[in-house]
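*Asks:* Chain by chain, the residues:
2 protein chains.
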Amino acid sequence: MELLKQRIRTEGKVLPGNIIKVDGFLNHRVDCAFLGQIADAFAEIFDISKVDVILTAEASGIALAAICGLKWGKPMIFAKKAKSDNIEGGLYKSDIMSYTYGKKVTLILAKQWLPPRTHVLIIDDFMARGEAVRGLCELVGESGAYLEGIGIAVEKGFQGGGDRLRETGLNYHALAVIDSVEEGNIVFRED
Amino acid sequence: MELLKQRIRTEGKVLPGNIIKVDGFLNHRVDCAFLGQIADAFAEIFDISKVDVILTAEASGIALAAICGLKWGKPMIFAKKAKSDNIEGGLYKSDIMSYTYGKKVTLILAKQWLPPRTHVLIIDDFMARGEAVRGLCELVGESGAYLEGIGIAVEKGFQGGGDRLRETGLNYHALAVIDSVEEGNIVFRED
Numbered sequence: 001m002e003l004l005k006q007r008i009r010t011e012g013k014v015l016p017g018n019i020i021k022v023d024g025f026l027n028h029r030v031d032c033a034f035l036g037q038i039a040d041a042f043a044e045i046f047d048i049s050k051v052d053v054i055l056t057a058e059a060s061g062i063a064l065a066a067i068c069g070l071k072w073g074k075p076m077i078f079a080k081k082a083k084s085d086n087i088e089g090g091l092y093k094s095d096i097m098s099y100t101y102g103k104k105v106t107l108i109l110a111k112q113w114l115p116p117r118t119h120v121l122i123i124d125d126f127m128a129r130g131e132a133v134r135g136l137c138e139l140v141g142e143s144g145a146y147l148e149g150i151g152i153a154v155e156k157g158f159q160g161g162g163d164r165l166r167e168t169g170l171n172y173h174a175l176a177v178i179d180s181v182e183e184g185n186i187v188f189r190e191d
Numbered sequence: 001m002e003l004l005k006q007r008i009r010t011e012g013k014v015l016p017g018n019i020i021k022v023d024g025f026l027n028h029r030v031d032c033a034f035l036g037q038i039a040d041a042f043a044e045i046f047d048i049s050k051v052d053v054i055l056t057a058e059a060s061g062i063a064l065a066a067i068c069g070l071k072w073g074k075p076m077i078f079a080k081k082a083k084s085d086n087i088e089g090g091l092y093k094s095d096i097m098s099y100t101y102g103k104k105v106t107l108i109l110a111k112q113w114l115p116p117r118t119h120v121l122i123i124d125d126f127m128a129r130g131e132a133v134r135g136l137c138e139l140v141g142e143s144g145a146y147l148e149g150i151g152i153a154v155e156k157g158f159q160g161g162g163d164r165l166r167e168t169g170l171n172y173h174a175l176a177v178i179d180s181v182e183e184g185n186i187v188f189r190e191d
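Quick note, the sequences are listed as chains C and X, same order.
Using this note's numbering, you'd call the opening residue of the first sequence number 1 and step up by one each time.
Using this note's numbering, you'd call the opening residue of the second sequence number 1 and step up by one each time.
Errors might be hidden in some of the hints.
As the list claims (entries may be wrong) - Derived Cβ-Cβ restraints for the label pairs, each shown as a range: (1) C/ASN171 <-> X/SER49: 39 to 47 Å; (2) X/ASN185 <-> C/ASN171: 40 to 48 Å; (3) X/GLU142 <-> C/ARG117: 44 to 52 Å; (4) X/LYS50 <-> C/MET97: 40 to 48 Å; (5) X/LYS21 <-> C/GLY17: 39 to 47 Å; (6) X/GLU183 <-> C/LEU15: 54 to 62 Å; (7) C/GLU183 <-> X/GLN112: 18 to 26 Å; (8) C/TYR146 <-> X/GLY73: 32 to 40 Å; (9) C/GLU183 <-> X/ARG129: 35 to 43 Å.
Claimed, not checked - Below, in silico cross-link-like pairs of lysine-lysine (BS3-like), each with a Cα-Cα straight-line distance of 25 Å or less: (10) C/LYS111 <-> C/LYS93; (11) C/LYS111 <-> C/LYS50; (12) X/LYS81 <-> X/LYS104; (13) C/LYS103 <-> X/LYS93; (14) X/LYS103 <-> C/LYS81; (15) X/LYS13 <-> C/LYS111; (16) C/LYS50 <-> C/LYS13; (17) X/LYS93 <-> C/LYS13; (18) X/LYS21 <-> X/LYS81; (19) X/LYS13 <-> X/LYS50; (20) C/LYS13 <-> X/LYS81; (21) X/LYS104 <-> C/LYS104; (22) X/LYS5 <-> C/LYS21.
Derived by calculation from the structure, the hints in this document are not laboratory data.
If you're wondering where the values come from, they're calculated on a predicted model, not measured in any experiment.
All C-beta atoms, glycine included, are put in the ideal place defined by N, C-alpha and C.
With the sequences and hints as input, model every part of the structure.
*Replies:* Written as structure tokens, this is what we have:
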């Protein structure tokens with residue numbers, strides 16, 4: 001998605017450790033109209049008519065997934081992040097490593113909202129090592145739902161999460177893949 | 001908002017301790033089309049033309065605020081919940097008590113995304129004691145932005161947060177106010 005790459009180039013900030021911040025339009029201040037355009041771009045890639053529900057993880061994925069849901073007329077579920085000792089019954093759960101928080105967190109999802117044979121599209125705003133998406137896939141697997149696809153707005157390609165998903169043959173697409181950061185400049189993978 | 005009250009009546013669950021769960025359409029599984037109708041109801045109450053940005057708190061407020069932003073053509077900012085020892089520079093912060101987590105959390109907001117004299121509408125999906133909204137108001141006050149109003153979808157009126165806001169004379173509105181729970185039945189305040 002060319003417009004997304006442009007905005008990352010002009011508004012993204014590279015911090016030490018190759019952390020790429022796009023918090024001016026994607027995940028702190030949210031440009032909701034632009035997220036609507038991202039939803040349109042996903043709808044050109046995925047067959048939305050096959051999707052029953054959108055699945056994401058809290059917190060920042062919620063804005064994009066909700067906007068996709070409104071534009072496509074679909075409900076959305078967000079997996080919550082809980083400490084392992086906070087788990088109740090009736091939940092699917094998956095342990096993931098959160099690099100943001102530097103610790104293990106557990107994604108939880110109430111079983112009643114993801115019945116077997118539901119057709120699920122996973123949507124998230126950002127992917128680096130892909131732990132959140134791995135956890136979401138695990139929740140889908142536990143539930144007996146069908147995974148129709150995985151759509152990510154911005155992938156940090158050099159951290160490997162996206163390539164691992166491509167190797168599995170899953171219906172995975174990212175709208176902008178950052179391949180490297182060279183002298184502070186963000187280099188995108190060619191489409 | 002009559003339709004919201006109807007859905008709370010038919011789909012809401014009352015748990016011990018008068019905890020009211022509406023996680024089938026509002027804050028776990030999210031009925032995005034219905035949140036669009038909630039956004040329309042807010043737009044009848046507040047003068048959206050005066051609003052520069054929508055402000056909410058992570059996590060569950062994000063879905064409603066993002067959908068409001070898309071429908072109204074406005075950006076949205078969500079305050080993040082951080083541990084007190086995780087604070088960096090360049091942030092507004094406000095300590096609130098989280099009853100969900102049973103501990104103090106700090107709402108943080110990057111200063112650059114809320115400049116002075118910005119016209120802010122606070123939106124959240126649920127309010128009980130009103131700690132999150134109190135924290136958001138504090139962030140607005142710190143920033144020198146103007147608070148145009150506070151819109152809440154579901155207020156638990158018997159926990160006092162809403163009435164405290166009404167007493168202050170702030171432009172506060174809730175679309176459904178639950179006044180009591182009697183023998184498992186949810187009783188709404190008359191409009």
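*Asks:* Which of the listed hints are broken here?
*Replies:* 9, 16, 19 and 22
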